[in-house]
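Plus 26 on top of the position in the sequence shown (first one is 1) and you've got the numbering used here.
Do not rely on the hints blindly, as some may be mistaken.
[Unchecked claim] DMTMM-like, lysine to aspartate or glutamate: derived pairs with alpha carbons at most 25 Å apart:
1) Lys242 <-> Glu286
2) Lys654 <-> Asp686
3) Lys654 <-> Asp561
[To be verified] Simulated DEER-style distance windows between Cβ atoms:
4) Ser74 <-> Asp139: 31 to 41 Å
5) Glu227 <-> Ala626: 48 to 58 Å
6) Val244 <-> His421: 26 to 36 Å
Keep in mind that the hints were calculated from the coordinates and are not lab data.
Here a beta-carbon is modelled for each residue, glycine too, at the ideal position from N, C-alpha and C.
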Amino acid sequence: MTAAPEAARLEREVVWTPPSDWRTTTRIGAFARDAEAATGRHFDDYASLWRWSVERPSEFWGRVWSHFGVASPTPVGDVLAEARMPGARWFAGAGVNYARHLLEDADPERRHDHLVALRGHSQTRGPVTLTFAELRAQVARVRAGLERLGVGPGDRVAAVLPNIPETVVAYLATASLGAVWASCAPEFGVQSVVDRLAQIEPAVLLAVSGYVYGEKPVDKRDDLARIVAQLPGLRHVVHVPYGAFDALPQVAVEALGWSELTEAQGSVEPAYADVAFDHPLCILFSSGTTGLPKAIVHGHGGILLEHLKNHALSWDLGPGDRMLWFSTTAWMMWNALVSCLLVRAGAVLLDGNPLHPDADLQWRLAAEDEVTHLGVSPGFIMAARAAGAEPARRHDLSRVRQIGAAGSPLPAEGYRWIAEQLPGVLLNVGSGGTDLCSGIVQGSPLQPVVAGEISGSCLGVDACAYDDEGREVVGGLGELVIRQPLPSMPVGFWGDTDGSRYRAAYFEEFDGVWRHGDWVRFSESGTCVVAGRSDATLNRGGVRLGTAEFYRVVEELPEVLDSLVVHLEDAAGGMGELLMFVVPAAGAAVDDALRRRIVAEIRGALSPRHVPAEVVAVSAIPRNRTGKKLELPVKRLLQGRALTEVVSSGSLADETALDDFVALAASRAATVTS
Numbered sequence: 027m028t029a030a031p032e033a034a035r036l037e038r039e040v041v042w043t044p045p046s047d048w049r050t051t052t053r054i055g056a057f058a059r060d061a062e063a064a065t066g067r068h069f070d071d072y073a074s075l076w077r078w079s080v081e082r083p084s085e086f087w088g089r090v091w092s093h094f095g096v097a098s099p100t101p102v103g104d105v106l107a108e109a110r111m112p113g114a115r116w117f118a119g120a121g122v123n124y125a126r127h128l129l130e131d132a133d134p135e136r137r138h139d140h141l142v143a144l145r146g147h148s149q150t151r152g153p154v155t156l157t158f159a160e161l162r163a164q165v166a167r168v169r170a171g172l173e174r175l176g177v178g179p180g181d182r183v184a185a186v187l188p189n190i191p192e193t194v195v196a197y198l199a200t201a202s203l204g205a206v207w208a209s210c211a212p213e214f215g216v217q218s219v220v221d222r223l224a225q226i227e228p229a230v231l232l233a234v235s236g237y238v239y240g241e242k243p244v245d246k247r248d249d250l251a252r253i254v255a256q257l258p259g260l261r262h263v264v265h266v267p268y269g270a271f272d273a274l275p276q277v278a279v280e281a282l283g284w285s286e287l288t289e290a291q292g293s294v295e296p297a298y299a300d301v302a303f304d305h306p307l308c309i310l311f312s313s314g315t316t317g318l319p320k321a322i323v324h325g326h327g328g329i330l331l332e333h334l335k336n337h338a339l340s341w342d343l344g345p346g347d348r349m350l351w352f353s354t355t356a357w358m359m360w361n362a363l364v365s366c367l368l369v370r371a372g373a374v375l376l377d378g379n380p381l382h383p384d385a386d387l388q389w390r391l392a393a394e395d396e397v398t399h400l401g402v403s404p405g406f407i408m409a410a411r412a413a414g415a416e417p418a419r420r421h422d423l424s425r426v427r428q429i430g431a432a433g434s435p436l437p438a439e440g441y442r443w444i445a446e447q448l449p450g451v452l453l454n455v456g457s458g459g460t461d462l463c464s465g466i467v468q469g470s471p472l473q474p475v476v477a478g479e480i481s482g483s484c485l486g487v488d489a490c491a492y493d494d495e496g497r498e499v500v501g502g503l504g505e506l507v508i509r510q511p512l513p514s515m516p517v518g519f520w521g522d523t524d525g526s527r528y529r530a531a532y533f534e535e536f537d538g539v540w541r542h543g544d545w546v547r548f549s550e551s552g553t554c555v556v557a558g559r560s561d562a563t564l565n566r567g568g569v570r571l572g573t574a575e576f577y578r579v580v581e582e583l584p585e586v587l588d589s590l591v592v593h594l595e596d597a598a599g600g601m602g603e604l605l606m607f608v609v610p611a612a613g614a615a616v617d618d619a620l621r622r623r624i625v626a627e628i629r630g631a632l633s634p635r636h637v638p639a640e641v642v643a644v645s646a647i648p649r650n651r652t653g654k655k656l657e658l659p660v661k662r663l664l665q666g667r668a669l670t671e672v673v674s675s676g677s678l679a680d681e682t683a684l685d686d687f688v689a690l691a692a693s694r695a696a697t698v699t700s
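Throw the hints in and build the complete structure from the sequences for me.
Here it is, written out as structure tokens:
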């Protein structure tokens with residue numbers, strides 16, 4: 027079993043240390059005390075707590091259920107009736123509802139109705155605030171409205187909505203009925219939305235007809251009409267008025283406004299359908315950079331338990347806390363943000379350009395809304411550092427206890443910058459994904475933070491690195507795998523009736539073991555570094571390196587704003603061709619001097635075998651809408667594949683970011699044929 031994280035890190039730079047009074051001041055401490063009383067064990071540190079969580083998964087997840095007061099109106103059988111992967115069976119016989127636990131307090135003597143549940147900020151309209159009491163009332167009314175439209179358990183309700191309170195209300199109303207939710211961001215193109223939603227055939231679609239991004243109005247009426255025309259089985263469209271975009275759109279099915287959906291005769295009481303633990307709650311879609319996006323089905327019980335554990339024990343969220351994490355409704359971080367409400371923390375929603383009117387926006391909102399937990403991208407941290415930002419000097423960030431970072435690796439310099447700017451604040455860097463709708467590795471208030479490293483495996487997650495033969499690797503790079511089932515592993519893929527696509531996605535490489543698709547290095551102490559996607563690793567003469575290792579070296583140069591590396595293998599078995607693409611910083615140029623410096627830095631920091639054959643200047647690095655660099659599509663383009671074959675329309679954050687690579691691929695192809 028993988029070595030668990032320990033407090034001692036003798037050879038690394040520790041930038042944050044857990045408080046000595048963690049037992050009484052943190053929520054993970056309260057959970058540890060509860061687990062000790064229930065099991066007779068003693069937990070001195072994170073290492074002992076983690077070992078118990080993966081060696082005794084039934085005991086651990088049963089304690090999560092009890093500690094957070096999850097209730098079932100029906101008798102609950104074994105916590106883990108079948109431990110196989112895939113096909114694990116959790117809490118057989120239980121009846122649960124995600125929305126009930128998010129909206130209703132288990133203890134009537136300790137209600138949180140007055141606390142702010144949602145605070146919505148937008149560039150399309152003014153701010154909106156909902157308390158828990160107001161949110162519950164709105165959910166009840168929308169639930170009744172959906173029932174009037176004929177929505178029931180198992181029906182799909184889809185949305186093309188921004189990150190606003192109405193979207194949260196509709197999600198929870200759908201969940202309360204036992205219907206199934208799926209959402210796309212309104213900035214998606216028509217084909218991107220249809221590629222996702224046509225797979226699941228929603229009965230109802232909620233949408234806006236436009237929005238403002240920064241200062242630019244974006245009219246989506248024509249797109250919405252085209253989307254509706256291509257969704258089989260769609261019966262109703264509900265239009266959510268948004269700022270100036272308040273007119274009912276002209277579409278091919280019955281359309282009604284949000285006010286019509288929410289109108290009711292007299293008072294409407296909240297109600298919740300108790301469903302099986304694995305009853306579908308929501309469908310999340312993979313990025314769709316190649317082929318149709320996978321429609322990943324998550325269950326009520328799995329998301330409920332995983333997010334209770336994650337939000338309280340890793341993020342230390344509880345009543346009165348507030349989290350701001352910029353996300354669109356198409357990213358699993360939106361679902362995670364909504365789940366703050368499970369532990370009675372408030373969610374601060376931000377829609378629009380997160381850098382408008384300036385890059386200071388998120389720090390400013392964190393101060394104004396007294397945010398205790400701020401989630402940002404590693405790119406945002408590094409850009410703030412490069413710009414010389416001093417957020418704590420400009421704003422009152424005294425309430426902030428934790429900074430979260432996810433989406434891509436964060437260099438060690440980013441850790442040091444946060445420690446300097448926000449001393450005493452826990453930087454919690456994590457990695458997980460849509461597939462689990464949570465983290466696999468991250469930190470907590472009980473783990474030290476080491477510059478450049480993720481603190482360790484999450485509680486309950488038996489993660490480690492495997493070599494090609496399925497043997498555990500410590501100290502070297504390997505495939506990120508999970509060896510024990512987790513409640514939030516997907517119920518399956520929509521439409522995959524025999525489970526073959528699901529098995530092929532995660533369990534084909536190692537029998538009975540989840541292969542996540544990341545390339546990772548675990549240390550002896552349990553910390554880890556994610557080196558990129560395993561299908562984009564660079565094998566040169568038997569030495570494999572992850573792409574993130576290149577970016578840590580190259581992007582620390584002040585002349586480099588962004589970069590991407592690909593390896594074009596030699597079919598004859600030679601070394602192949604390594605190409606480094608660079609976006610120069612303002613005022614810099616990718617000239618011979620910079621090329622020589624980049625080569626020297628890579629040779630010295632990484633390996634002489636990984637010196638690029640070319641360093642090519644480009645205007646932008648292609649990323650998907652969650653910020654991940656698209657190494658594999660670029661590689662396939664340069665290998666001669668057509669653009670339509672390597673990337674799905676609308677999956678890019680910047681539709682023009684591949685233009686330079688398409689031109690280069692055409693030039694290389696012309697050179698070969700001539």
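Right, here's what the structure says about each hint:
| no. | hint | in the structure |
| --- | --- | --- |
| 1 | Lys242 <-> Glu286 | violated (29 Å) |
| 2 | Lys654 <-> Asp686 | holds (18 Å) |
| 3 | Lys654 <-> Asp561 | holds (14 Å) |
| 4 | Ser74 <-> Asp139: 31 to 41 Å | holds (38 Å) |
| 5 | Glu227 <-> Ala626: 48 to 58 Å | holds (56 Å) |
| 6 | Val244 <-> His421: 26 to 36 Å | holds (30 Å) |
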